[in-house]
Amino acid sequence: MHLLEATDFNVTTTPWLVILGLCVLMALVRLIAPKFYSHYLWSGDHKMIGKQFLVSSLLWAVVGGALALGVRWQLAWPGSEVPGFKALFGWPDGGAAPEHYNIMFTMHASVMIFFVIIPLLVGAFGNFVVPLQIGAQDMAFPFLNALSYWLMWPAFIFMAFSFYVPGDGAGAGWTSYPPLSETMLGDGQTLWCMGVWFVGWSSICGAVNYITTIVKMRAKGMTLFRMPLTSWSILITSILVLCATPVLGSAVTMLLMDREFGSSFFVPAARVVSDAAQATGGGQVILWQHLFWFYSHPAVYILVLPAMGMVSDMLANACRKPVFGYRPMVYSLIAIAFLGFVVWGHHMFQSGMNPALGRTFMIATMMIALPSAVKTFNWLATIYRSQMQLEVHTLCSLAFVSMWIIGGLSGIFMAATPVDIQIHDTYAIVAHIHYIVFGSTLFSVFGAIYYWYPKMFGRTMNKPLAYTHFIVTFVAFQFTFFPMHVVGSRGMLRRTADPYFYGNLQGMLPVNQLMTVAALILGAAQLVLAINFFWSMFAGKVCTERNPWKATTMEWNTPTPPVGHGNFDVIPEAHRGPYEYADPDAAEDFTPQFQAPAGSAKPVPHAH
Amino acid sequence: MSHQDHAHPAATAHAHPPYLKVFALLVALTVVEVVVPFVLTGSRGIAATLLIVISVVKILFIARYFMHLKFDAKILGLVACAPLVCASILSFVLLWDH
Amino acid sequence: MSSDHHALPHIETEGNFEFTNGKFAMWLLIVSDAMAFIGFLGAYMVLRISAVGEPSLTGLPWQPAWSLPMDLILTGLNTFVLICSSVTMVKALAALQDGNQAGLKKYLAMTMLGGAFFVSFQYYEWTHFVHEGITIQGMKLVDLDTAMTRGAAAGNKLTKLEMAAQMYGKRRFEGTPDAPAALPTGKGAQDFRSGNFTEAEYLFLELAVRDRANADLRPVQGGIIHHTAYGVPGTTNDPKGRTGRELQEELEAAEPAQRGSVIQAHRAAGSRVASLFCSSFYVLTGFHGLHVAVGVLYLGILLIRAFQGAYTRANSSIIEVAGLYWHFVDLVWVLLFMLIYLI
Ligand code: HEM
Ligand SMILES: [Cu+2]
Numbered sequence: 001m002h003l004l005e006a007t008d009f010n011v012t013t014t015p016w017l018v019i020l021g022l023c024v025l026m027a028l029v030r031l032i033a034p035k036f037y038s039h040y041l042w043s044g045d046h047k048m049i050g051k052q053f054l055v056s057s058l059l060w061a062v063v064g065g066a067l068a069l070g071v072r073w074q075l076a077w078p079g080s081e082v083p084g085f086k087a088l089f090g091w092p093d094g095g096a097a098p099e100h101y102n103i104m105f106t107m108h109a110s111v112m113i114f115f116v117i118i119p120l121l122v123g124a125f126g127n128f129v130v131p132l133q134i135g136a137q138d139m140a141f142p143f144l145n146a147l148s149y150w151l152m153w154p155a156f157i158f159m160a161f162s163f164y165v166p167g168d169g170a171g172a173g174w175t176s177y178p179p180l181s182e183t184m185l186g187d188g189q190t191l192w193c194m195g196v197w198f199v200g201w202s203s204i205c206g207a208v209n210y211i212t213t214i215v216k217m218r219a220k221g222m223t224l225f226r227m228p229l230t231s232w233s234i235l236i237t238s239i240l241v242l243c244a245t246p247v248l249g250s251a252v253t254m255l256l257m258d259r260e261f262g263s264s265f266f267v268p269a270a271r272v273v274s275d276a277a278q279a280t281g282g283g284q285v286i287l288w289q290h291l292f293w294f295y296s297h298p299a300v301y302i303l304v305l306p307a308m309g310m311v312s313d314m315l316a317n318a319c320r321k322p323v324f325g326y327r328p329m330v331y332s333l334i335a336i337a338f339l340g341f342v343v344w345g346h347h348m349f350q351s352g353m354n355p356a357l358g359r360t361f362m363i364a365t366m367m368i369a370l371p372s373a374v375k376t377f378n379w380l381a382t383i384y385r386s387q388m389q390l391e392v393h394t395l396c397s398l399a400f401v402s403m404w405i406i407g408g409l410s411g412i413f414m415a416a417t418p419v420d421i422q423i424h425d426t427y428a429i430v431a432h433i434h435y436i437v438f439g440s441t442l443f444s445v446f447g448a449i450y451y452w453y454p455k456m457f458g459r460t461m462n463k464p465l466a467y468t469h470f471i472v473t474f475v476a477f478q479f480t481f482f483p484m485h486v487v488g489s490r491g492m493l494r495r496t497a498d499p500y501f502y503g504n505l506q507g508m509l510p511v512n513q514l515m516t517v518a519a520l521i522l523g524a525a526q527l528v529l530a531i532n533f534f535w536s537m538f539a540g541k542v543c544t545e546r547n548p549w550k551a552t553t554m555e556w557n558t559p560t561p562p563v564g565h566g567n568f569d570v571i572p573e574a575h576r577g578p579y580e581y582a583d584p585d586a587a588e589d590f591t592p593q594f595q596a597p598a599g600s601a602k603p604v605p606h607a608h
Numbered sequence: 001m002s003h004q005d006h007a008h009p010a011a012t013a014h015a016h017p018p019y020l021k022v023f024a025l026l027v028a029l030t031v032v033e034v035v036v037p038f039v040l041t042g043s044r045g046i047a048a049t050l051l052i053v054i055s056v057v058k059i060l061f062i063a064r065y066f067m068h069l070k071f072d073a074k075i076l077g078l079v080a081c082a083p084l085v086c087a088s089i090l091s092f093v094l095l096w097d098h
Numbered sequence: 001m002s003s004d005h006h007a008l009p010h011i012e013t014e015g016n017f018e019f020t021n022g023k024f025a026m027w028l029l030i031v032s033d034a035m036a037f038i039g040f041l042g043a044y045m046v047l048r049i050s051a052v053g054e055p056s057l058t059g060l061p062w063q064p065a066w067s068l069p070m071d072l073i074l075t076g077l078n079t080f081v082l083i084c085s086s087v088t089m090v091k092a093l094a095a096l097q098d099g100n101q102a103g104l105k106k107y108l109a110m111t112m113l114g115g116a117f118f119v120s121f122q123y124y125e126w127t128h129f130v131h132e133g134i135t136i137q138g139m140k141l142v143d144l145d146t147a148m149t150r151g152a153a154a155g156n157k158l159t160k161l162e163m164a165a166q167m168y169g170k171r172r173f174e175g176t177p178d179a180p181a182a183l184p185t186g187k188g189a190q191d192f193r194s195g196n197f198t199e200a201e202y203l204f205l206e207l208a209v210r211d212r213a214n215a216d217l218r219p220v221q222g223g224i225i226h227h228t229a230y231g232v233p234g235t236t237n238d239p240k241g242r243t244g245r246e247l248q249e250e251l252e253a254a255e256p257a258q259r260g261s262v263i264q265a266h267r268a269a270g271s272r273v274a275s276l277f278c279s280s281f282y283v284l285t286g287f288h289g290l291h292v293a294v295g296v297l298y299l300g301i302l303l304i305r306a307f308q309g310a311y312t313r314a315n316s317s318i319i320e321v322a323g324l325y326w327h328f329v330d331l332v333w334v335l336l337f338m339l340i341y342l343i
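From first to last, the protein sequence lines stand for chains A, B and C.
Take the first sequence: its letters are residues 1 to 608, numbered as in the numbering used here.
Take the second sequence: its letters are residues 1 to 98, numbered as in the numbering used here.
Take the third sequence: its letters are residues 1 to 343, numbered as in the numbering used here.
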């Protein structure tokens, strides 16, 4: 059939070969070392898959982080070679050329969003914590779970190869707006699409699994409103993933069709950019933006809801108080998720979209501030007058709450169309993103690592190193990202290789150098985490205590680390709500969910 | 449209939903659909409305009888509605902005 | 009923719904699959609605079925086959629930055959289209007479003049007081109205200024069509034909009287124009066809297992879950058939 006529599918074969090689390698390992294979590689055990996600995402974060430093390097010393990038990516200019700058920021965001934050939150902690918290033996579908992890590798291979194929890599931004993404020469952009496609499948497999597990496999007594907030947030996030990701899948498929087979969904009429040998037609570029943001706004909540859940659990534990307003916390999660589907247009105020729609989206976006504020005030009320234990996960949770306030507030400003006209596509947006995704989400992930590490590996992480890591990261973070608000509102453009080309931005060079130096320190501080993480895995202080943090939720009722498939050595049953801290009647100051009421076998209903 | 009581397709010897009647209805509606563009050539608007209504009816019958939503737990129906909500939001915006 | 783990303590579950994990998960998968279709269909709707009223070289800006070599009756029959396979699927489940193993195998096999027939027909339709020069990129230029014949075969009642206006843009054959139209020799407005004209004669006329909602005045262009937003001749990277873009340029350069021959030369050379209809047609039917093909494989596996006697009343939900997928694919086809072929 000549459907494809003359435009043969020209993605270089290498990534496919590498993926094939990976499969062959796995098969070999399965033959030679079946135990190793079924324990460390294709394991159906949610705890192992969680750890696989955790370790891989931390590795991928190195790639994303290096690219971020490349971007910052160019902004501080424009036109100079980024150390190491010549060797790393084979760029003769070492990342100084504008097209390589584009590739750096594109791939930084893509790697961080698709390969670090989403897998860390949903893949790693969702997997490890949720079945334990709800008292299930495993996830509903162990095979699907393993598949969800292993789909990440083809995805990453595609993304990684985009740097090395002939022509340039993917440089149309993580948003990949056409017509640029249509006319990018070379196969890099195509490989980017393939990568996103595979990530999407991975997310969907995960989401189906989480929802089924939570709906069907909660232990006796674990009613929905006795579920800890981490599990709640993973449930809600999975619903977002389930409904939003496929739309990105179809948009990316259409983009791929446009690029490779000459269809014209997003190709504007009679437009041939850079003499690209693509068919041109009468498609719509704004259509891509709608479909993309229909996924990606819910996706930014995918990037933060699980963090909210984890912080709620950690804060209650650290403050030795029940989470203030447990039910409102749940309802606001649901409200944020729902509203998340009706606000995507706030990314498109300047796109030439119907202005009436802009107004609608503006109001909808501002409404999200309500449930967000409910959560914020509930956290503050949880903290208020508590006997806070200053563990590292406490500090990280506090960082989450405060950075969330800053990022959320800048969000509300940007939601106002008139303000957004000034700051759209400037560094103010970059500041907003990073206050939320780094300041909130990543700090909560740091906290979660410190908090659940003993349960995962049966060892504790080194405390002095952990405090050092937190403090340096926190301070360097402020210096890296806070000035972006300022330069952004003064008009410094994002995604511009050499912004000092514009006279009015020339004065901003010193501030940018300051931010870059801070960013370098920020990057270096992560080495401390890496060392602590891997060193403690083998040489950390052994922890066999079931409940080292004196926590109330179900995962602390398992052996440390939990026994293989099956998790529990006792029959898990929830007898009360998840946050019975500061209980005056308890022997200690808390009553775990799993503790049967004294003297009676009947679970006592508990209102919160 | 109530018919014989039907609890759940796991019970012992039980009556099945009226599959063949639904099938006949689907076929009849398809015939009407194919005929409509030939007959209602004058007014595309009326033809389109009619076609959409017929499809919705067909879809409802497939989902309720063949996919057992009529007899299943409510939560499955709720799940099935999720894409409808998303679809209406998306098409509302897309059509407003075309 | 949920898990058959051999592991430590037996865990009672709280969320004790009657359905199995598999059934619930299939519903979730259906939700996400539906969202993928919604993405494609949303694009289809927007592109199509935006194209209404835009002139195009290929028949209509948004080719409805009758401007294409589609055969509605055949596709209708194919739809019928898919519906049949849906009812045999529920019959298979019912047979299993009644303990009728022979019926299970019979109906499963029929379902699978129905699906296979459907995909084969789709394959036939695609090859037929490709043969006619219709690919995912666009289609060959269609001449006025072919469009008229196809339209008539499908019961469309456009007059020749209306059809020409839709294909080549509305032209001035009467002239206005200040700018009398230069009609081709021997032709009067009357002749045009009665359809007594050739394509070349029609193309000879000036393009009328389109007045959209009194605001969107488009300049009169010498060529066939101005760069309107949609349905513009595009380039194709088809090495055999010259590109639609070349066509556009040549038309703009040509004397009015030469335009007909320019078009004819291009048609002979197999020039093609980009078409959003073609893009979405192949992507939508392809995505759906893929689902049917996957379903046929799925059913094939079930059938083999059924012959091994793997299914009993107790695990009938495996068949039910497969049925959910199959009916969903059927359900999507109801939508696609209506949106692509009928409306
Ligand atoms: C109170 C809640 C929030 C509001 C009102 C809000 C509002 C906005 C607005 C209006 C924009 C578009 C600015 C522009 O491009 O001109 C934006 C961008 C962005 N927001 Fe938020 N936001 C909120 C929370 C979040 C959260 C929780 C996240 C992520 C976890 C997030 C991540 C992002 C990202 C990544 C972008 C930039 C996307 C890009 O253009 O690359 N936001 N936000
Ligand atoms: Cu947003």
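Note that these hints are calculated values from the structure, not bench results.
All values reported here derive from a predicted model rather than from experimental measurement.
Where is the CB? At the ideal position from N, CA and C, for every residue including glycine.
Incorrect hints may have been included.
[Stated by the list, open to error] Partial list, computed: chain C residues near chain B (C-beta under 8 Å):
hint, residue
1, Phe-17
2, Phe-19
3, Leu-183
4, Leu-324
5, Val-334
6, Leu-342
Hint-by-hint comparison with the structure:
At a threshold of 8 Å, the smallest CB-CB gap from C:Phe-17 to chain B is about 6 Å, leaving the interface hint in force. For C:Phe-19, the interface hint holds, the least distance from its beta-carbon to any beta-carbon of chain B being 6 Å, beneath 8 Å. Interface hint at C:Leu-183: violated, since its Cβ lies 31 Å from the closest Cβ of chain B, which is beyond the 8 Å cut-off. A hinted interface residue such as C:Leu-324 counts as satisfied when its beta carbon comes closer than 8 Å to some beta carbon of chain B; here the least separation is about 6 Å, so the hint holds.
Hint status for C:Val-334 relative to chain B: holds, with the closest Cβ pair at about 5 Å, below 8 Å. About 5 Å separates the beta-carbon of C:Leu-342 from the nearest beta-carbon of chain B, less than 8 Å, and the hint is met.
Consistency note: the structure conflicts with earlier hint 3 alone.
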